[in-house]
Amino acid sequence: MYELMIIGGGPAGIAAAVYAARKRLNTLLISGDIGGQINTTMGIENYLGYQFIEAPELIEKFQTQVSQYPIDQKIGDKISRLKKIEGGFEAVTETGEQYQSKAVIFATGKRSRQLNVPGEKELAGKGVTYCAICDGPVFAGQRVAVVGGGNSALEAALDMVKIAEHVDLVSLTPLTGDAVLVDKLGDAKNLRIFAEYQTEKIEGRDFVSGMMIKDVKSGKSKQLDVTGIFIEIGLVPNSAAVDGLVPLNKWKEVPISCASETTMDGLYAAGDVTDVPEKQIIVAAGEGAKAALQAHRYLQRLET
Amino acid sequence: MADKNVVIYSTPTCPYCKRAKDYLSQKGIPYTDYNVATDKDKIREMIQKSGQMGVPVIAVDDEIIIGFNQAKLDELLSK
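Chains as they are written, first to last, in the working numbering: chain S, 2 to 305; chain C, 470 to 548.
Please keep in mind that the hints were generated in silico from the structure rather than gathered at the bench.
Hints are supplied without guarantee of correctness; some may be wrong.
Computed footprint of chain S on chain C, listed as stretches where at least three residues anywhere in the stretch have a Cβ under 8 Å from a Cβ of chain S [claimed, not checked]: (1) 472 to 482; (2) 485 to 494; (3) 497 to 503; (4) 529 to 540.
Keep in mind it's a predicted model, so treat the numbers as computed, not measured.
In this text, a Cβ means the ideal position worked out from N, Cα and C, and glycines have one as well.
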């Protein structure tokens, strides 16, 4: 049995791992990837120590730093369920492996929210994408739609009007992003904005060929001929593995105390999966460090 | 493992693509990089080989990996 298991390899999990290693805790770091949501951004200008750093470079630095310590890393597998067992916790992964530890830091972050409309799941990767910055250029010269009305959606639309033939921006609400972004979009000739339109379904056989949207006010439906759909409607916490083990708040975040504790002894949480306000790399890293120090104290108390 | 033919289909703005290329470079594995943001023929090839439109796509000989999956990449490279 490990002393500590850290679930999640974003800034919170990596910072926790570095602190745990320096406390010489027998630690397992387990995560689908290293970097978490940093992998979906490019330039970072607000992480202390760097006026500007590219996301892949920062992730590599995180990876190098954590890898100089003798902790076990299991990267490429995800936890599907965390259970309480005698003397600690057991994590079961998507591939069916099981790991046990006395204490846990749960730092699984957030992921892109899905629309949950017909056709979305089937056509994911086949025209439906959740990483505009990654896949945008693949759709150069095509007719595309961006779904969402916040800053991420507006930025995706701004990027796409430069390279796509035409962009439809579809938002369930009036646009909520920054006025400066809305103003910039106003200049684009190849853009239509459908504010207060609901996405009803995504169509296509092997690849996306269109989508149906509905005017929320009039109830009238409209067909859009698009081959790419960028879904930018915010994030949801990756908290399913502990749902039922500890209570979640209404946004499905894991509530924690200022000492990183969940409601269960020995189970700590850190970063974007928690109810800590402000989702930032530097905040997540700090929270991860704090959780590791608290977990260390807990393990010391167990021994006495 | 030196004689494997490694091809990556990528875009310049995609962080996962850069990480995948950096990872291959670090391991000293030569690869061919196709920028599908500008190369239309290679976009078609990527979609045909992988059945989808997301980047990166990595081909190790005839086997295809969608996304930067380090564990899978290691497995195919060490075969």
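These are the hints, each one checked on the structure:
{"no.": "1", "hint": "472 to 482", "in the structure": "holds (count 3)"}
{"no.": "2", "hint": "485 to 494", "in the structure": "holds (count 5)"}
{"no.": "3", "hint": "497 to 503", "in the structure": "violated (count 0)"}
{"no.": "4", "hint": "529 to 540", "in the structure": "holds (count 5)"}
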